[in-house]
Amino acid sequence: MMVEIIQGLGGILIGLINVYIWVVIIAALLTFVNPDPYNQIVQVLYRLTNPAYRFVKRYIRTDFGGLDLAPLIVIIGLQIIEVIIRSVLHSI
7 MMVEIIQGLG GILIGLINVY IWVVIIAALL TFVNPDPYNQ IVQVLYRLTN PAYRFVKRYI
67 RTDFGGLDLA PLIVIIGLQI IEVIIRSVLH SI
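Per our numbering, residue 7 is the first one in the sequence shown, and the count goes up by one each step.
Keep in mind the hints are simulated off the structure, nothing from the lab.
Among the hints, erroneous ones may be present.
[Stated by the list, open to error] Label pairs and their computed distance ranges (CB to CB):
(1) 7 <-> 66: 41 to 47 Å
(2) 10 <-> 72: 45 to 51 Å
(3) 52 <-> 10: 36 to 42 Å
(4) 31 <-> 72: 16 to 22 Å
(5) 68 <-> 11: 36 to 42 Å
For glycine and all other residues, C-beta sits at the position ideal for the given N, C-alpha and C.
Whole structure, please, built from the sequences with the hints as guidance.
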C-alpha cells in the first residue's frame, strides 16, 4: 500500500518536472522574439523561470558571448533529478 503511494507521488513529481521543463523551453524561445513584457502570459513564464535562473547564475557563469545558457543548465539539472527519482522509484 505504501509503495503504491510513494510511486504515485513520484509519478506526479516527474510530471511536474516535465511541465516545468516545457515552461523553461517556452520562456527561452520567447527571448528570441522579444515579447511584450506586459503580456500576462510572458510575465507568468518569467516569474516561474527567473528564480531557477537566478539560482544557477549564483553558482555558475552562464553568459557566453551574449548567449545565456541558464535555461539549458536548468533543463539538464531537472533531467538529472528526474533520472534519480525514476531510479529510486524502480528500486522500491
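Hint-by-hint comparison with the structure:
At about 42 Å, the beta-carbon gap between residue 7 and residue 66 stays in the expected band of 41 to 47 Å. The beta-carbon spacing between residue 10 and residue 72, approximately 49 Å, falls within the hinted interval of 45 to 51 Å. For residue 52 and residue 10, the Cβ-Cβ distance of about 38 Å falls inside the hinted range of 36 to 42 Å, so the restraint holds. Between residue 31 and residue 72 the beta carbons are some 20 Å apart, a value that agrees with the proposed interval 16 to 22 Å.
About 38 Å separates the C-beta atoms of residue 68 and residue 11, a value consistent with the hinted range of 36 to 42 Å.
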